[in-house]
Amino acid sequence: MKIVFLRHGQTQANVTYTYCGRTDMPLSDEGVRLLEEKRLAGGYPDITGLDVYTSCLARTKQTLGILYGNVTYKEEPLFNEMDFGIFEGKSYDQLKDTPEYQKWISGDHMSNVCPGGESGNQMKKRVLRGVSKLLKKGKDALVVCHGGVIAILFIHFFPDSGLGWYDIQPSNGEGYIFEFEGGKAVSYTRIPAAKTPDL
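In this text, residue positions in the sequence shown follow this note's numbering: the first is -19, and each later residue adds one.
Derived from the structure by calculation, the hints contain no laboratory data. Heads up, a few of these hints could be off.
DSBU-like mimics (lysine-lysine), calculated; alpha carbons at most 30 Å apart, straight line [what the hints assert, rightly or not]:
| no. | residue 1 | residue 2 |
| --- | --- | --- |
| 1 | LYS164 | LYS54 |
| 2 | LYS105 | LYS76 |
| 3 | LYS(-18) | LYS119 |
| 4 | LYS83 | LYS105 |
| 5 | LYS18 | LYS76 |
| 6 | LYS117 | LYS104 |
| 7 | LYS41 | LYS164 |
| 8 | LYS41 | LYS54 |
| 9 | LYS54 | LYS117 |
| 10 | LYS(-18) | LYS76 |
| 11 | LYS41 | LYS116 |
| 12 | LYS104 | LYS116 |
| 13 | LYS164 | LYS117 |
| 14 | LYS104 | LYS164 |
The structure presented is a predicted model; accordingly, all values stated were derived computationally and were not measured.
Work the whole structure out from these sequences, hints included.
Structure follows, in structure tokens:
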């Protein structure tokens, strides 16, 4: 069984390096243009016969439409990006001197909860519930979601890859095909173009 995880196209928050999790920000004009370029360049998998899912946020649904046209899909909130709580819409420079932010980024960053939001571990548990649902269905699927979601899944399924967070997190409009056997992830392939060796 395979699950294709694809990150949405570029938003203004990606350009300005602001926290954008639950905020329903659309793709930027440049993000749309870049996705159209990637689509024309090819390298995306054929999704004929796959179940198709997006998160509940506009940027993932827009991305699906640009890359694959008018296809039937379901929204799955379990694949939403991390909820950054009171940090939503703010940049590191805006937050770096605040006590709440310093507390969040210090120590165990996976366990620390964003005030009004969630922790990395809470997001991971939620996203893994989403993957479990798909594996139980046993049907190949495409999930258009978010960079943090994909990175945290990669680290969970391939902990010995030797890659760091920023190597793992795909660029906008890119992602991975994860192959599963018996409910266990056994290999990955980058899409639309391989940037590192596959396992």
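Cross-check of the supplied hints:
1. For the suggested pair LYS164 and LYS54, the alpha carbons sit about 24 Å apart, so the restraint of at most 30 Å is met.
2. Distance hint between LYS105 and LYS76 is fulfilled; the C-alpha atoms sit about 27 Å from each other, no more than 30 Å.
3. Taking the CA atoms of LYS(-18) and LYS119, the gap is near 8 Å; set against the 30 Å cutoff, the hint holds.
4. A hinted pair counts as satisfied when its Cα atoms are at most 30 Å apart, and LYS83 with LYS105 qualifies at roughly 22 Å.
5. Using a Cα cut-off of 30 Å, the hinted pair LYS18 and LYS76 is violated, with the two alpha carbons roughly 35 Å apart.
6. Restraint check: the Cα-Cα separation between LYS117 and LYS104 comes to about 20 Å, which is no more than 30 Å; the hinted pair holds.
7. The straight-line distance between the Cα atoms of LYS41 and LYS164 is roughly 28 Å, inside the 30 Å bound, and the hint therefore holds.
8. Annotation: proposed proximity of LYS41 to LYS54 holds, straight-line Cα distance about 10 Å (limit 30 Å).
9. For the hint linking LYS54 to LYS117, the alpha-carbon distance of about 14 Å falls within 30 Å, and the restraint holds.
10. For the given pair, LYS(-18) sits about 40 Å from LYS76 by alpha-carbon distance, which is inconsistent with the 30 Å threshold.
11. Our distance criterion of 30 Å between C-alpha atoms is met by LYS41 and LYS116, whose separation comes to about 24 Å.
12. Simply put, LYS104 and LYS116 have alpha-carbon atoms about 18 Å apart, close enough for the 30 Å limit, and the pair holds.
13. Pair hint LYS164 plus LYS117 holds up; C-alpha atoms about 14 Å apart against a cutoff of 30 Å.
14. This hinted pair checks out: LYS104 and LYS164 have alpha carbons roughly 16 Å apart, not beyond 30 Å.
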